[in-house]
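Q: Here is how the chains run, residue by residue.
There are 2 protein chains.
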Amino acid sequence: MKIALDAMGGDFAPQAAVAGALLAAEQLAGRATIVLIGQEDAVRPLLQAAGPAANVLEFVPASQVIDMGEHPAKAFQQKQDSSIAVGYKMLLAGEVDAFCSAGNTGAMLVGAMFTVKTVPGVMRPAIANFLPKLHNNVGILLDVGANAECKPEMLEQFGELGSLYAQHVLGIARPQVGLMNIGEEEGKGTPIIQEAHQRLKANPHIHFVGNIEGRDLFNDKADVIVCDGFTGNIILKMAESIYDAMDEKKIQDPFFDKFNYEAVGGSPILGINDNAIIGHGRSTPRAIGNMLMQGFNMADSGIVDQIKATFKS
Amino acid sequence: MKIALDAMGGDFAPQAAVAGALLAAEQLAGRATIVLIGQEDAVRPLLQAAGPAANVLEFVPASQVIDMGEHPAKAFQQKQDSSIAVGYKMLLAGEVDAFCSAGNTGAMLVGAMFTVKTVPGVMRPAIANFLPKLHNNVGILLDVGANAECKPEMLEQFGELGSLYAQHVLGIARPQVGLMNIGEEEGKGTPIIQEAHQRLKANPHIHFVGNIEGRDLFNDKADVIVCDGFTGNIILKMAESIYDAMDEKKIQDPFFDKFNYEAVGGSPILGINDNAIIGHGRSTPRAIGNMLMQGFNMADSGIVDQIKATFKS
Chain C
1 MKIALDAMGG
11 DFAPQAAVAG
21 ALLAAEQLAG
31 RATIVLIGQE
41 DAVRPLLQAA
51 GPAANVLEFV
61 PASQVIDMGE
71 HPAKAFQQKQ
81 DSSIAVGYKM
91 LLAGEVDAFC
101 SAGNTGAMLV
111 GAMFTVKTVP
121 GVMRPAIANF
131 LPKLHNNVGI
141 LLDVGANAEC
151 KPEMLEQFGE
161 LGSLYAQHVL
171 GIARPQVGLM
181 NIGEEEGKGT
191 PIIQEAHQRL
201 KANPHIHFVG
211 NIEGRDLFND
221 KADVIVCDGF
231 TGNIILKMAE
241 SIYDAMDEKK
251 IQDPFFDKFN
261 YEAVGGSPIL
271 GINDNAIIGH
281 GRSTPRAIGN
291 MLMQGFNMAD
301 SGIVDQIKAT
311 FKS
Chain G
1 MKIALDAMGG
11 DFAPQAAVAG
21 ALLAAEQLAG
31 RATIVLIGQE
41 DAVRPLLQAA
51 GPAANVLEFV
61 PASQVIDMGE
71 HPAKAFQQKQ
81 DSSIAVGYKM
91 LLAGEVDAFC
101 SAGNTGAMLV
111 GAMFTVKTVP
121 GVMRPAIANF
131 LPKLHNNVGI
141 LLDVGANAEC
151 KPEMLEQFGE
161 LGSLYAQHVL
171 GIARPQVGLM
181 NIGEEEGKGT
191 PIIQEAHQRL
201 KANPHIHFVG
211 NIEGRDLFND
221 KADVIVCDGF
231 TGNIILKMAE
241 SIYDAMDEKK
251 IQDPFFDKFN
261 YEAVGGSPIL
271 GINDNAIIGH
281 GRSTPRAIGN
291 MLMQGFNMAD
301 SGIVDQIKAT
311 FKS
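If you read the protein sequences in the order shown, they are chains C and G.
For the first sequence, the working numbering begins at 1 and goes up steadily by one.
For the second sequence, the working numbering begins at 1 and goes up steadily by one.
The set of hints was computed from the structure by calculation and includes no laboratory data.
Take the hints with a grain of salt, since some may be wrong.
For identical chains, the list gives no copy identity; a pair is met inside one copy or between any two copies.
[As the list claims (entries may be wrong)] Straight line, CA to CA, 27 angstroms or less: simulated BS3-like cross-link-like pairs of lysine-lysine:
#: 1; residue 1: Lys133; residue 2: Lys74
#: 2; residue 1: Lys221; residue 2: Lys79
#: 3; residue 1: Lys249; residue 2: Lys74
#: 4; residue 1: Lys2; residue 2: Lys250
#: 5; residue 1: Lys151; residue 2: Lys250
#: 6; residue 1: Lys151; residue 2: Lys188
#: 7; residue 1: Lys188; residue 2: Lys74
#: 8; residue 1: Lys237; residue 2: Lys258
#: 9; residue 1: Lys89; residue 2: Lys117
#: 10; residue 1: Lys312; residue 2: Lys79
#: 11; residue 1: Lys74; residue 2: Lys258
#: 12; residue 1: Lys2; residue 2: Lys221
#: 13; residue 1: Lys89; residue 2: Lys2
#: 14; residue 1: Lys312; residue 2: Lys237
#: 15; residue 1: Lys221; residue 2: Lys249
#: 16; residue 1: Lys308; residue 2: Lys89
#: 17; residue 1: Lys250; residue 2: Lys237
#: 18; residue 1: Lys151; residue 2: Lys308
#: 19; residue 1: Lys133; residue 2: Lys312
#: 20; residue 1: Lys258; residue 2: Lys201
#: 21; residue 1: Lys249; residue 2: Lys133
#: 22; residue 1: Lys117; residue 2: Lys188
#: 23; residue 1: Lys188; residue 2: Lys79
#: 24; residue 1: Lys133; residue 2: Lys250
#: 25; residue 1: Lys151; residue 2: Lys258
#: 26; residue 1: Lys250; residue 2: Lys221
#: 27; residue 1: Lys237; residue 2: Lys188
#: 28; residue 1: Lys249; residue 2: Lys237
From just these sequences and the hints, can you work out the full model?
A: In structure tokens form, the structure reads like this:
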């Protein structure tokens, strides 16, 4: 198996990317090879400096870089030899089994839609993020930013996508799916949320447990929490700021440490025909390494085939 | 000055209400009198048990109680001798200067709209909540639940209402107003949020600092954070769950201790013709006492007159 990494993506690239690739390569020895994609001048010297350990890494040159501030669609179309564009081309061609980048989030999303494309039957892909749980392992929240506005049908599909991911990648046998709302009762929330509730409730593919509230994010009421990308993005960034505050105050705790994006790695794009993961802009080597492990786990689980099979019917 | 308290509101009423009233009465001695409203049989024995300290409290009987689970509008209209209905009648008649309740939130909101009514020019009142700040005192977030869906004009008005509150009640000279969004750039978010951004930017009554993100809730970018009631309610409940998690883990910290609703007391309803505050259902005596102090501060500041004057023009 081959897991590709955008060596130019993230605030600390290419150094953090190369260091993260080395971390993952060690863990994946014998199971997968890491393929670094990036500018030769920037990456080669780092590989040389890493010595023999870097011999297990593959390198594919890409002459351009999409910067963090660039317009995603425009940059992706104009920079066809950027590390992100090259990564998606390799993914589409089946040369790699997953593609990970801590670069421009929008360009990663646009690249996914333009190359490997959305799974037939899926209205819009969603970006999922992990949620630490107080008395359990982990849950997932989606969408966290791909779709600021969502139709009820989209929210219903996010429930299915999240449930499949929880089942096949996280190994949760019968994931409980909850709808983020402002009250437990069915009639709560906006008309869109109310209709989404009815749709999720009627969906035979998932185990819907009803509305959950902001206070339920970290408890065991739901393994999969469905929301629009506006709400999910705010929750995600708020959780990060909680971790930053704890870090600033030197408070250490196993639960709150899980709020650290480094521990997770990245956010998978669900509902596309291949495995793509978006990392945090501030990704450190540890974060990159974990994102690559996650890419391996996704590819290894066959989650995309599961999604395709579910939405085919 | 007189500050009224619903003695029957909240999970621990009437005990917590009477105890909280005694706490506030001590602090407000010579400046304001606390008026307890509730069922005679339930409240009188508690006042007698409190001994001479309770002599400073006034008591007004109300034979009915609106329960937490009741339908707000129906209950408010049918139970005209409930503690919430009596409280609003006294507020409307000018017999008290503020009314506080930890009871049914919806009934408190309905009561406000039916009796003291919305300030002319204000589209919809908002519920505001305090936000602890990492390097500063406190900020406010609104709406946190009165309006799940908001028009851009409403969000603009929330910016004005919040700014007036921050200025006149919290004493922040030139409050910075931010719009909760999923990115800093103007074009981010839903069409409603984008239009709200333009309106807030063009509003001469406020100092708009642009979009802020989930990660900015606790930093100093904005004193007043504007959002719809869906988003605000989720943020508020998520913050509470963070406090509960810290409490469970026995982590103590002055910043995170401010996430405890007890330290704040309640959430003012802004945009109505009088001072009304909604407390947390789980309010303890400390929470009730702080809510009453907040009611006094609101009444003392003349915030309602400031709001009326602003929206008259």
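Q: For the identical chains here, do lysine 89 and lysine 2 meet the 27 angstroms Cα criterion within one copy, between copies, both, or neither?
A: within (14 angstroms within a copy, 72 angstroms between copies)
Q: Checking lysine 117 and lysine 188: alpha-carbon separation at most 27 angstroms within a copy, between copies, both or neither?
A: Between copies, since 24 angstroms is at most 27 angstroms while 35 angstroms is not.
Q: With identical chains, the pair lysine 89 and lysine 117 could be close in the same copy or across copies; at 27 angstroms between alpha carbons, which is it: within, between, both, or neither?
A: Within. Shortest intra-copy distance 12 angstroms satisfies the 27 angstroms Cα cut-off; inter-copy 61 angstroms does not.
Q: Have a look at lysine 249 and lysine 237 and pick one of within, between, both or neither, based on CA distance no larger than 27 angstroms.
A: Close inside one copy (18 angstroms) and across copies (23 angstroms); limit 27 angstroms.
Q: With 27 angstroms as the alpha-carbon cut-off, assign the pair lysine 221 and lysine 79 to within, between, both or neither.
A: neither (44 angstroms within a copy, 35 angstroms between copies)
Q: Indicate which option fits the pair lysine 188, lysine 79 if close means a Cα-Cα distance not exceeding 27 angstroms: within, between, both or neither.
A: Between copies only: 23 angstroms across chains, 46 angstroms inside a chain, cut-off 27 angstroms.
Q: Pop the pair lysine 312 and lysine 79 into one bin, within, between, both or neither, using alpha-carbon distances up to 27 angstroms.
A: Cα proximity of lysine 312 and lysine 79: none, with 33 angstroms in one copy and 54 angstroms across.
Q: Using 27 angstroms as the alpha-carbon threshold, which applies to lysine 133 and lysine 312: within, between, both, or neither?
A: Classified as neither; 32 angstroms inside a copy, 49 angstroms across copies.
Q: Please sort lysine 2 with lysine 221 into within, between, both or neither, judging by C-alpha distance up to 27 angstroms.
A: This pair counts as neither: shortest intra-copy Cα distance 36 angstroms, inter-copy 43 angstroms.
Q: With identical chains, the pair lysine 188 and lysine 74 could be close in the same copy or across copies; at 27 angstroms between alpha carbons, which is it: within, between, both, or neither?
A: between (40 angstroms within a copy, 17 angstroms between copies)
Q: With identical chains treated as interchangeable, where does the CA-CA distance between lysine 237 and lysine 188 reach 27 angstroms or less: within a copy, between copies, both, or neither?
A: Cα proximity of lysine 237 and lysine 188: in one copy and across copies (25 angstroms, 15 angstroms).
Q: Could you figure out if lysine 308 and lysine 89 sit no more than 27 angstroms apart (CA to CA) within one copy, between two copies, both or neither?
A: within (20 angstroms within a copy, 61 angstroms between copies)
In this structure, the earlier hints numbered 1, 2, 3, 4, 5, 10, 11, 12, 14, 19, 20 and 25 are contradicted, and the remaining ones agree with it.
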